[in-house]
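Trainee: Spelled out, the chains give:
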Amino acid sequence: MTSISSAALDLKRLDILAKQGTSIHLLDARAKTIVTFGFILAVISFDRYEVARLIPFFIFPAVILSLSSLPSLYIIRKIAIALPFLVAIGIFNPLVDHETLYQLGHLHIAAGWFSFASIILRGILTAGAALILVGVTGFNDICLALERLGIPQIFVIQMLFMYRYLFVLVEEGERVSRGRELRSFGTRGFGSRSYISVIGHLIIRTWERAERIRNAMLARSFVGEFHAASKMDFGKKEWFFVSSWLLIFILLRFINIPERMSSLLAPLLNSRFFNSF
Amino acid sequence: MHMSDALLSPLTGIAMCALSTGMIAYSSGRIGKEELEKRAPLIGVMASFVFAAQMINFTIPGTGSSGHLGGGVLLAVLLGPYASFLAISSVILVQALFFADGGLLALGCNIFNMGFFPAFIAYPFIYRKIAGSSPDAGKESIAIMAASVFSLQAGAFSVVLESVASGVSSLPFSAFAAVMQSVHLAIGVVEGVATAGIVAFIRKASPRMLQFHPKPLPLREFPFKNALFCLSLITMLAAAGVISWFSSAKPDGLEWSIQKITGREAPDSKNGRFHTFFEKMQKKTVFLPGYDFDATESAEARMKTESSRAGGMLSAVAGGIITLLTVFLAGFLLRKFTGGKAG
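Protein chains in written order, with the working numbering: chain W, 1 to 277; chain Z, 1 to 343.
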């Protein structure tokens with residue numbers, strides 16, 4: 001039961017976070033959407049065994065989180081919830097792909113471990129990017145940006161309707177679910193018969209509610225358009241934001257930063273530390 | 001069965017996004033402009049119903065575990081193929097954005113896997129064919145059961161195909177497919193039982209909800225241009241994908257096939273300015289140049305290179321850690337200096 005209400009609260013929290021007025025929040029939603037897609041493409045374009053070169057990409061979430069004052073721990077927790085599936089799929093890589101890729105003394109490290117680590121890093125970066133996008137933009141603005149980017153109007157309008165009634169329906173689902181729990185004993189009353197009746201009533205109520213909403217909207221001269229409160233304007237700031245981030249992603253994609261960093265350290269490694277092995 | 005960004009190659013991701021966007025455009029076109037204001041609220045509110053329904057569980061007899069509704073087939077039966085495809089797509093979009101289920105680039109795959117099969121295959125070719133125009137309870141339940149099982153099986157199989165085509169996960173095709181298909185057979189049966197029960201309930205309690213038939217669109221309004229554009233894009237990407245699959249699934253796949261075809265090693269690349277330029281670029285950009293970890297390497301040679309490899313690895317780890325620290329320090333400082341301005 002707690003899961004229903006916590007999921008609803010979680011949705012609301014991200015939405016409230018998106019209503020701040022920081023410099024990142026005020027940017028045009030299209031700019032943020034384009035940059036996020038560019039980021040994801042750059043991250044997943046690496047070779048499957050790549051680990052070290054993914055690390056510099058943390059600069060994007062780190063900078064955006066800082067500038068937008070989103071709570072980092074909250075985002076990290078949400079990413080952690082999404083990771084177990086990736087661990088379940090990725091853990092097979094070391095089992096299947098056990099050709100030695102690196103050797104340190106007697107320790108053989110299988111190629112599979114590198115691809116496993118790579119999957120986890122990709123997961124953290126891409127899931128984080130999606131959560132940050134919604135945290136700095138908000139669902140409504142993302143929808144409007146999608147429309148401006150060419151997604152058909154009816155799809156966007158029904159998404160906006162869905163989002164408006166999501167909270168209402170999730171709360172209704174919670175009430176119904178609580179009622180069912182109070183009337184059942186142990187696992188009795190949780191079977192498919194009561195489930196079908198509960199969901200059946202919920203769906204009929206939802207349908208009728210949807211029809212009432214539609215009639216009310218039509219009566220108030222709804223012609224299939226929502227008017228955005230915030231103005232969409234792709235100005236100089238947006239051009240700067242998009243071009244500079246895309247440039248950074250291209251540089252990070254083609255320049256090996258960890259290698260450069262380590263070449264600075266090479267004399268140190270070669271002299272004492274490394275020779276002790 | 002959400003496909004994840006982390007398991008996806010850019011080409012597969014982009015191709016599937018193009019395909020799904022094309023299908024969204026097609027479905028939107030089929031619903032038609034004049035229907036927009038009448039249909040949009042209904043589709044949207046029914047999409048949000050799926051979230052409410054997914055939060056309510058029921059126990060599966062004999063197993064002790066619990067299941068919930070996926071909703072694809074239920075929406076197809078209630079809203080028809082085009083509207084249900086739009087509704088499921090938006091549910092998947094919200095899951096990607098708010099719960100990090102899947103990912104943004106994986107949206108194309110997920111919309112295809114979970115939306116296309118129930119709406120465009122299972123509904124017209126299985127449900128409508130078995131149930132007919134005025135179905136009795138038994139026939140309709142069988143139709144829904146078959147449609148649900150098929151949708152889940154086809155969706156799971158596309159997840160396997162997409163993962164294998166992307167080549168990030170090392171899971172062998174047959175093992176991955178065996179696991180996915182059997183798990184989703186059980187899920188499909190549970191989904192089928194629940195959906196059939198709900199539809200039977202609605203047929204008794206509020207039959208008018210099931211009298212929905214989408215109006216066919218006149219041929220001249222069909223978005224031919226969009227469809228053609230999407231088709232050509234997909235063909236191009238698919239061709240590119242096939243080529244890159246050979247070259248990326250195993251790093252030396254393409255070289256190997258060239259060797260097989262021509263009987264010698266990769267074509268001479270020493271002449272020509274472009275070749276030298278790109279060779280230089282490649283050397284600069286490749287983290288593990290040449291993958292010189294040959295299994296047939298002699299033990300002696302291995303001993304010789306061991307120390308240099310260990311050194312390489314140490315320096316890579318050190319470089320990685322330093323980069324990570326630098327990034328977090330930058331983030332921390334940025335927050336410290338800009339924190340006051342926020343809000």
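Treat the hints as calculated values from the structure; they're not laboratory data. Watch out, some of these pointers could steer you wrong.
Stated by the list, open to error - Below 20 Å or equal to it, Euclidean Cα-Cα: the simulated DMTMM-like pairs (lysine to aspartate or glutamate) are: (1) Lys-12/W / Glu-225/W; (2) Lys-12/W / Asp-101/Z; (3) Lys-78/W / Asp-101/Z; (4) Lys-19/W / Glu-181/W; (5) Lys-12/W / Glu-172/W; (6) Lys-38/Z / Asp-233/W; (7) Lys-204/Z / Glu-208/W; (8) Lys-38/Z / Asp-10/W; (9) Lys-12/W / Glu-208/W; (10) Lys-204/Z / Asp-136/Z; (11) Lys-78/W / Asp-10/W; (12) Lys-38/Z / Glu-174/W; (13) Lys-78/W / Glu-172/W; (14) Lys-19/W / Glu-211/W.
To be verified - Covered stretches of chain W (chain Z as the covering partner; in silico rule of three or more C-beta atoms under 8 Å from a C-beta of chain Z): (15) 59 to 66; (16) 90 to 99; (17) 145 to 155; (18) 163 to 175; (19) 234 to 240.
If you're wondering where the values come from, they're calculated on a predicted model, not measured in any experiment. Backbone N, C-alpha and C define an ideal beta-carbon position, used for all residues, glycine too.
Trainee: Confirm or reject each hint.
Mentor: Going through the hints against the structure:
1. Lys-12/W / Glu-225/W: violated (24 Å)
2. Lys-12/W / Asp-101/Z: holds (17 Å)
3. Lys-78/W / Asp-101/Z: Within the cut-off at roughly 10 Å; holds.
4. Lys-19/W / Glu-181/W: At roughly 36 Å apart (the allowed maximum being 20 Å), Glu-181/W and Lys-19/W break the hint.
5. Lys-12/W / Glu-172/W: holds (15 Å)
6. Lys-38/Z / Asp-233/W: Status violated; Cα separation ~30 Å.
7. Lys-204/Z / Glu-208/W: Holds - the C-alpha atoms of Glu-208/W and Lys-204/Z are around 16 Å apart, at most 20 Å.
8. Lys-38/Z / Asp-10/W: Distance ~31 Å between Lys-38/Z and Asp-10/W Cα, so the pair is violated.
9. Lys-12/W / Glu-208/W: Roughly 25 Å separates the two Cα atoms, so the pair is violated.
10. Lys-204/Z / Asp-136/Z: holds (11 Å)
11. Lys-78/W / Asp-10/W: holds (9 Å)
12. Lys-38/Z / Glu-174/W: violated (29 Å)
13. Lys-78/W / Glu-172/W: The given pair, whose Cα atoms are some 24 Å apart, is violated under the 20 Å limit.
14. Lys-19/W / Glu-211/W: Violated: Lys-19/W and Glu-211/W sit about 30 Å apart, past 20 Å.
15. 59 to 66: holds (count 5)
16. 90 to 99: With 6 residues closer than 8 Å to chain Z, the stretch 90 to 99 of chain W meets the three-residue bar; holds.
17. 145 to 155: This one holds; 5 residues, not fewer than the three required, reach chain Z with a Cβ under 8 Å.
18. 163 to 175: holds (count 10)
19. 234 to 240: Violated, because only 0 residues of the stretch 234 to 240 of chain W bring their Cβ atoms closer than 8 Å to Cβ atoms of chain Z.
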